[in-house]
Structures are given as C-alpha cells and as structure tokens.
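There are 2 protein chains.
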Amino acid sequence: MKFFEITHKDKNSRARTGLIQTDHGVIETPDFMPVGTQATVKTLDKEDLNTIGAQIILANTYHLHLRPTEDLIAKFGGLHKFMNWDKPILTDSGGFQVFSLGLQKEAKDVTSNEKLVSIDDDGVTFKSHLDGSTHRFTPEEAVRIQHKIGADIIMAFDECTPDDADNAYTKKAMQRTHEWAERCISEHKKNTEYHDYKQFLFGIIQGANHEDLRKESAQIISSLDFDGIAIGGESIGYNMEATKNILDWVGDIIPEDKPHYTMGVGFNPSDLFEVVERGVDMFDCVAPTRVARNGRLFVHKEINPKMYINIKNSEFKTDDQPIDAKCGCFTCQNHTRAYLHHLFKADEILGLRLASIHNLYFFLELMRQIREAIKEDRFLELKKSILG
Amino acid sequence: MKFFEITHKDKNSRARTGLIQTDHGVIETPDFMPVGTQATVKTLDKEDLNTIGAQIILANTYHLHLRPTEDLIAKFGGLHKFMNWDKPILTDSGGFQVFSLGLQKEAKDVTSNEKLVSIDDDGVTFKSHLDGSTHRFTPEEAVRIQHKIGADIIMAFDECTPDDADNAYTKKAMQRTHEWAERCISEHKKNTEYHDYKQFLFGIIQGANHEDLRKESAQIISSLDFDGIAIGGESIGYNMEATKNILDWVGDIIPEDKPHYTMGVGFNPSDLFEVVERGVDMFDCVAPTRVARNGRLFVHKEINPKMYINIKNSEFKTDDQPIDAKCGCFTCQNHTRAYLHHLFKADEILGLRLASIHNLYFFLELMRQIREAIKEDRFLELKKSILG
Numbered sequence: 000m001k002f003f004e005i006t007h008k009d010k011n012s013r014a015r016t017g018l019i020q021t022d023h024g025v026i027e028t029p030d031f032m033p034v035g036t037q038a039t040v041k042t043l044d045k046e047d048l049n050t051i052g053a054q055i056i057l058a059n060t061y062h063l064h065l066r067p068t069e070d071l072i073a074k075f076g077g078l079h080k081f082m083n084w085d086k087p088i089l090t091d092s093g094g095f096q097v098f099s100l101g102l103q104k105e106a107k108d109v110t111s112n113e114k115l116v117s118i119d120d121d122g123v124t125f126k127s128h129l130d131g132s133t134h135r136f137t138p139e140e141a142v143r144i145q146h147k148i149g150a151d152i153i154m155a156f157d158e159c160t161p162d163d164a165d166n167a168y169t170k171k172a173m174q175r176t177h178e179w180a181e182r183c184i185s186e187h188k189k190n191t192e193y194h195d196y197k198q199f200l201f202g203i204i205q206g207a208n209h210e211d212l213r214k215e216s217a218q219i220i221s222s223l224d225f226d227g228i229a230i231g232g233e234s235i236g237y238n239m240e241a242t243k244n245i246l247d248w249v250g251d252i253i254p255e256d257k258p259h260y261t262m263g264v265g266f267n268p269s270d271l272f273e274v275v276e277r278g279v280d281m282f283d284c285v286a287p288t289r290v291a292r293n294g295r296l297f298v299h300k301e302i303n304p305k306m307y308i309n310i311k312n313s314e315f316k317t318d319d320q321p322i323d324a325k326c327g328c329f330t331c332q333n334h335t336r337a338y339l340h341h342l343f344k345a346d347e348i349l350g351l352r353l354a355s356i357h358n359l360y361f362f363l364e365l366m367r368q369i370r371e372a373i374k375e376d377r378f379l380e381l382k383k384s385i386l387g
Numbered sequence: 000m001k002f003f004e005i006t007h008k009d010k011n012s013r014a015r016t017g018l019i020q021t022d023h024g025v026i027e028t029p030d031f032m033p034v035g036t037q038a039t040v041k042t043l044d045k046e047d048l049n050t051i052g053a054q055i056i057l058a059n060t061y062h063l064h065l066r067p068t069e070d071l072i073a074k075f076g077g078l079h080k081f082m083n084w085d086k087p088i089l090t091d092s093g094g095f096q097v098f099s100l101g102l103q104k105e106a107k108d109v110t111s112n113e114k115l116v117s118i119d120d121d122g123v124t125f126k127s128h129l130d131g132s133t134h135r136f137t138p139e140e141a142v143r144i145q146h147k148i149g150a151d152i153i154m155a156f157d158e159c160t161p162d163d164a165d166n167a168y169t170k171k172a173m174q175r176t177h178e179w180a181e182r183c184i185s186e187h188k189k190n191t192e193y194h195d196y197k198q199f200l201f202g203i204i205q206g207a208n209h210e211d212l213r214k215e216s217a218q219i220i221s222s223l224d225f226d227g228i229a230i231g232g233e234s235i236g237y238n239m240e241a242t243k244n245i246l247d248w249v250g251d252i253i254p255e256d257k258p259h260y261t262m263g264v265g266f267n268p269s270d271l272f273e274v275v276e277r278g279v280d281m282f283d284c285v286a287p288t289r290v291a292r293n294g295r296l297f298v299h300k301e302i303n304p305k306m307y308i309n310i311k312n313s314e315f316k317t318d319d320q321p322i323d324a325k326c327g328c329f330t331c332q333n334h335t336r337a338y339l340h341h342l343f344k345a346d347e348i349l350g351l352r353l354a355s356i357h358n359l360y361f362f363l364e365l366m367r368q369i370r371e372a373i374k375e376d377r378f379l380e381l382k383k384s385i386l387g
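Sequences listed follow chains A and D, in order.
To convert, note that position 17 of the first sequence is 16 in numbering that gives the first Met the number 0; the numbers rise steadily by one, no gaps.
To convert, note that position 191 of the second sequence is 190 in numbering that gives the first Met the number 0; the numbers rise steadily by one, no gaps.
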C-alpha cells in the first residue's frame with residue numbers, strides 16, 4: 000500500500016483529495032491537524048478528539064524533549080501509548096521552536112543577557128525555556144529524538160530564518176537546511192526506530208520570502224528521498240499573502256505525488272481554502288485552540304463577516320442561541336452563547352474546553368466539506384459559498 | 000409520590016437508604032453531591048457528570064446572584080436549562096458565603112478597611128467580592144432569588160457563626176436563624192415560584208459546637224414545615240470530630256422521615272462513612288474537585304493508607320499504572336500516573352479535568368457501594384474493608 004495516493008484532482012484548481020496510509024490508520028486529505036504541543040491538544044481528551052473527527056494530531060519535539068523527555072516516552076512504547084491516542088501523530092523537528100526562542104525571548108529562568116540559541120553548521124545549542132539547562136540538537140539528534148517519540152510522520156531538522164533576514168543570510172541558512180536535510184535522511188535510513196511501526200520523514204522548504212531562494216529550496220528538497228514535502232518559515236500561515244506567493248512559486252516544482260504540508264496554516268477559516276486551492280494536503284496551527292481560550296469562536300459569515308465572534312462581548316450575555324446554529328459540535332448542540340459568556344466571565348475552565356471543541360470541530364467540518372467538494376469538482380463554489 | 004421515602008434501615012447503625020423524588024428525577028440516598036458553584040462543576044461537562052453517575056449537583060446562590068444574576072437565569076427558564084443539566088439541583092442560600100466573606104477577607108476590589116458584611120435582625124448587607132457593589136439578602140430575598148434560579152431543593156437563609164464565637168453570640172445568631180427560618184417558610188408558601196416544577200425547602204440547624212444550642216436548634220428547625228433538615232456551621236465537614244459530636248447530639252431529635260443533609264462534608268473518603276453511619280442522607284463538598292486540581296487524587300488504602308496520592312510527586316514520573324487499578328473512571332481506564340504527572344507538571348488543563356473526573360467518580364462509586372451495603376445490612380463491614 001502506498002504512503003500517499005491522490006484520489007481526485009479538482010478540475011478548476013490545484014486542490015486534490017488523497018489518502019495517507021500509516022500503521023496507525025489512514026488520513027483523508029486535505030486535512031487540518033490539531034496541535035497537541037505537550038502530548039495533549041489543550042483542554043481536550045481522546046474522546047473529544049474522536050468526536051470532533053481528528054484524523055491526525057501534531058506534537059512538538061522541542062517541548063517533549065524537555066518534558067517528559069523522549070526516553071520516558073520511548074519507555075512507554077512511544078507517544079501513542081504515552082498519551083493513549085491510537086491514530087496518526089506527526090512531530091515537528093523542533094527547529095521552529097529552537098529558533099523562535101532566540102527571537103521571542105520567551106524563556107524563563109534565563110537572564111536576558113544570555114544568548115539562548117547558538118547556531119553552527121553542525122547543529123544548534125540552546126537553553127531550555129523551562130530551567131535554563133543547555134541542550135543541543137543536530138539533524139541526527141533531532142531524528143533520533145523523533146524516532147524515540149515515535150510519531151508516524153517526523154520532520155527534518157531545519158533552520159527557520161526570520162522574514163527580515165537579508166537574502167545573503169537567508170541563503171546561508173537555507174543551504175544549511177539542505178545539508179541538514181541530507182543528514183536527516185541518512186540518520187533516518189539507519190532504521191534505528193524504537194518502535195515496530197513505520198515512521199515517515201518529510202523535508203522542509205525554506206527561503207523566507209525570496210522567490211529565488213524558495214524555488215531553489217523547493218528544487219533541492221524535492222530531489223531528496225523524503226516521504227512528503229513541507230513548506231516552512233516565519234510567514235507561512237501568519238502572513239497569508241506571503242504564503243500564497245510562496246505556494247505559487249513552488250507549486251510547479253514540488254512533486255505532485257508526495258503530500259504537501261504547510262506548517263502553521265489555519266488562523267482563519269479562509270486560510271484553509273487558500274492553501275487547499277494551491278494543492279496543499281496537510282496543515283496545522285495552534286490558533287484555533289489558542290484563540291478559543293481567549294473567547295474567539297469561529298462562525299459562518301452570515302453571523303459575522305469576520306467569521307468569528309468574541310464570546311466575552313457583553314452582547315452575548317443574554318443570547319439564547321448556540322455559537323453557530325449550523326454547527327454540529329457538542330458545544331453548539333448543548334449550550335447557549337449566554338452560558339459560554341458566563342463561563343468565560345467567571346473564569347471557568349469548562350468554557351475553555353467548550354470553546355476549543357467548537358473551533359476545532361468548525362475547522363474539521365469545513366475540511367470534510369472541502370474534501371467532498373473537491374471530489375465533485377466544486378471546490379471553488381464551496382469556497383465562494385463559505386467565504387463570500 | 001412522597002418527596003422522601005426510606006427504603007431500608009441498616010440493622011447495625013443509623014445508616015439508611017432512601018429515595019428523594021423531584022420533578023427532575025429521583026435521587027438514591029445516601030449520596031454525595033458534586034458542587035457546581037458557578038453553574039458548572041469545575042472542569043466537567045454534563046456528559047462527564049452523567050458518566051461519573053452524579054444524581055444531583057449543587058450550585059451557589061451567592062455566586063449566581065452576583066453573576067450571571069437570578070433574573071438572567073430565570074429568563075432562560077431556570078438553572079437546569081441555563082446550564083443544560085436536566086437532573087436535580089440544590090442551591091444553598093448564600094448564608095455561608097455571605098458570612099465567610101466577612102471572615103475570610105477574600106474580596107477583591109474592596110479596600111481592606113471597609114466592612115464587608117453587616118448583619119441586622121432583618122437581613123444582611125454585604126459587598127460583592129467581584130466589584131465591591133452593595134447587596135442585601137433577607138430571608139425573603141434569599142428565597143425569592145432561589146425561586147428564580149429554580150433548583151429542585153432550596154435552603155433557608157441562615158447565619159453561619161464562626162466556631163470561636165462565644166455561647167451568647169452563637170445563641171443570638173441561632174435565634175435569628177430560627178426567626179429567619181419561619182420567614183423563609185412564609186415566603187416559600189406564597190408559591191411565587193417562577194417555574195412549572197416543585198421546589199422543596201430545607202431548614203438549617205446551627206449552634207456551632209455548643210451541645211445545648213445544637214439540641215435547641217434541632218428541636219426548633221425540626222418543628223417547622225421544612226421538606227428536609229440540614230446541619231450547617233463552620234465545623235461541619237471541616238472538623239470531623241466536631242461533626243460527629245454534633246450528629247450524635249441531634250440524631251434523636253431530627254425527624255427520621257425527612258432527609259438529613261450535612262453541608263460541607265466530603266473532604267476524605269472516611270468522612271462519607273462517618274456521616275452515613277449517623278443517618279445522614281445527603282452531603283456536598285468542594286474538596287474532591289478542589290484538591291484534584293492540586294493533584295491530590297483519592298486511592299484505596301492498599302495503595303496509600305492516607306487514601307490519596309499527590310500525582311505531582313516525582314515518584315509518579317515513570318509510573319505506568321492507573322491512579323487506582325480498582326477504579327472504573329475514564330481517567331483510570333485510559334491514562335497512566337506518568338501521563339497525569341506530565342500534564343500537571345506541564346500545567347495542562349486536561350490534567351485538571353482528568354483529576355476531577357477521578358476524584359468525583361471515586362466518591363460516587365463509594366456511595367454506590369455504601370447504598371448496596373446498607374441494603375444488605377453490611378454497612379459497617381464495608382466501612383471496615385474500605386477504611387481499615
């Protein structure tokens with residue numbers, strides 16, 4: 000059975016449906032992947048994830064390496080067993096988090112003058128944001144850690160450059176990412192996996208917002224023996240105009256027969272349509288659950304043209320309607336906006352979970368509709384009917 | 000159909016099983032009632048409550064009066080509909096919270112010199128802990144608020160005195176509580192209920208830790224036309240030696256054919272047995288969910304003689320066992336101590352919910368066993384086998 004199979008191509012766009020086959024089950028694509036950074040999709044349990052229709056979830060190599068550590072997870076038979084989630088999992092390589100540590104100065108217990116991240120051609124040395132302890136990721140180590148964690152799909156270790164880096168630095172970092180990509184493949188091919196199921200390795204295209212570099216990176220990453228091709232970088236998902244440009248630049252270069260993955264896409268419902276239209280099969284973003292915990296809840300455009308409401312607004316205090324009457328999620332089937340408003344105003348934890356269930360269901364239901372529409376060559380019609 | 004019916008009396012103690020009939024369903028007694036202060040049992044949804052076997056939950060008149068207000072709840076058809084819980088609900092009268100405000104100085108947005116609570120013979124004026132606004136509860140107002148909120152069982156408004164108050168003050172407050180009890184009954188009999196189902200009114204025995212006052216209070220409250228008899232006070236539940244003494248003093252005075260309710264009992268598994276043994280039918284406590292959120296999880300004595308573990312302790316970091324292998328809750332059926340330890344260390348909200356599910360299930364499962372044991376006249380045997 001092939002790892003990836005295209006089942007239908009939309010006649011009017013690059014959108015396509017497909018199947019990704021892993022030893023933990025099949026993923027119908029395109030699909031949005033909920034993020035479970037620390038081995039939990041925040042506030043949700045495994046039954047919640049099944050109920051909302053999650054086919055695959057993400058976890059984070061950087062966070063899991065620091066806590067509870069890959070060795071502990073391996074001792075439990077891998078992340079599926081550790082967190083008791085028996086469907087597919089993808090781990091990112093930690094590259095994005097390691098580099099964003101240096102940018103975001105989010106670390107605790109580290110004096111602000113200390114350099115948090117130091118990059119050389121062999122790898123990256125960084126300090127834990129938890130306790131300031133020193134760690135080092137090389138491409139080989141990032142693959143070994145991911146082998147221990149045991150996700151079905153693992154990611155090459157890359158250098159994620161800031162968008163404001165100049166062309167010369169971005170090029171240097173990109174070339175390093177390409178060298179690291181080859182080293183990740185070599186390490187992966189040693190078959191040192193700790194688990195009795197297959198793990199698949201994806202490469203990551205970098206090059207920030209430079210057309211020449213993105214095209215060069217797409218060519219090189221596409222030429223290597225990866226199971227799937229990801230597009231990474233600070234802009235992806237965060238800046239959708241840049242994301243669309245980048246996808247348009249690389250769309251003809253990356254091989255059609257491998258899954259395409261945009262890392263960090265899914266801030267807004269419209270984003271899902273933009274990347275699917277450009278042939279993307281997989282994407283993930285922390286935003287649906289993060290904004291849910293701040294009270295921002297997705298709705299159809301008939302309710303609000305921005306496609307969200309903020310449940311904390313006083314207008315919802317006496318509102319006896321569900322968040323979105325069209326939505327089939329547990330929250331909308333059981334609770335009013337007024338009750339959710341009350342839970343948020345009263346700082347009740349249940350509100351965070353009900354909001355997270357809604358936002359993820361909203362996205363995954365859109366993905367179900369998108370897949371159906373592609374199969375019937377009416378993806379652009381659906382896009383228009385949902386986004387207006 | 001009678002409101003309360005005793006179905007079996009244990010041959011070897013005062014323990015008894017019974018049925019409480021409300022328009023929202025039947026409650027098998029004795030039972031522990033989970034507390035949902037702000038119209039939510041913290042971290043749990045209605046399906047969780049059904050799964051753990053909650054027959055009735057509590058809510059708090061003081062908190063709901065301040066937010067979202069009884070008028071809003073009434074507009075939604077009552078608390079059952081507002082929070083979408085269709086089984087029985089009990090509201091306390093707010094007396095305990097109003098008076099503990101004055102004791103605990105927990106209020107925010109109120110300067111520390113301001114007097115938070117002022118009591119007179121007609122009622123109590125107090126400042127909101129949320130915004131410092133002034134409110135007044137009289138017995139009539141407390142009943143009217145509870146009529147609007149719409150719980151199946153409502154409580155008389157009482158003055159809850161601190162245990163260190165002298166006999167003279169405690170007596171004065173107790174007499175006020177008795178006068179207020181009659182006023183609550185008068186107000187309740189006006190049948191101004193806002194809902195199309197019956198609400199039942201319980202009286203509260205006060206008298207702190209003074210035997211003479213407790214007996215006097217038990218006689219007077221028992222002589223009034225209440226549907227059930229509660230035993231209130233600072234010690235109840237919090238100080239189990241005092242609680243047992245008080246129950247022994249009043250046990251022969253309060254009528255057998257009304258439900259007996261100790262307000263605030265259920266810090267530890269042993270407490271359930273102590274009050275049931277003394278003929279109590281209902282009790283509630285915030286402790287099982289509050290301590291759960293701090294990582295304290297109930298276990299059988301074979302695991303730890305204290306009957307709890309603290310999941311944050313490092314000994315559980317690599318522990319692949321469930322919290323308690325004898326427990327049938329969702330958490331124990333699905334997750335290891337190591338995973339829970341990880342969730343707590345990583346400040347993940349899912350940990351709080353999994354812990355709350357476990358502690359409440361543990362209590363409610365004990366209550367099921369207690370009811371079965373009473374019916375077979377082996378309550379004391381069960382007590383010995385569980386507590387050792």
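Hints may contain errors.
Note: identical chains are not told apart, hence a pair may lie in one copy or across any two.
Stated by the list, open to error - Here are the simulated DSBU-like pairs of lysine-lysine, each with C-alpha atoms no more than 35 Å apart in a straight line:
no.: 1; residue 1: Lys8; residue 2: Lys126
no.: 2; residue 1: Lys305; residue 2: Lys80
no.: 3; residue 1: Lys300; residue 2: Lys170
no.: 4; residue 1: Lys74; residue 2: Lys325
no.: 5; residue 1: Lys80; residue 2: Lys300
no.: 6; residue 1: Lys126; residue 2: Lys311
no.: 7; residue 1: Lys325; residue 2: Lys86
no.: 8; residue 1: Lys316; residue 2: Lys86
no.: 9; residue 1: Lys74; residue 2: Lys316
Source of the hints: derived by calculation from the structure; they are not laboratory data.
We went through each hint and held it up to the structure:
1. Lys8 <-> Lys126: neither (45 Å within a copy, 65 Å between copies)
2. Lys305 <-> Lys80: between (40 Å within a copy, 30 Å between copies)
3. Lys300 <-> Lys170: neither (41 Å within a copy, 64 Å between copies)
4. Lys74 <-> Lys325: between (44 Å within a copy, 24 Å between copies)
5. Lys80 <-> Lys300: between (40 Å within a copy, 28 Å between copies)
6. Lys126 <-> Lys311: Classified as between; 24 Å across copies, 37 Å inside a copy.
7. Lys325 <-> Lys86: Both, since 28 Å and 27 Å are each at most 35 Å.
8. Lys316 <-> Lys86: Answer is between; shortest inter-copy Cα gap is 24 Å, intra-copy 39 Å.
9. Lys74 <-> Lys316: between (49 Å within a copy, 12 Å between copies)
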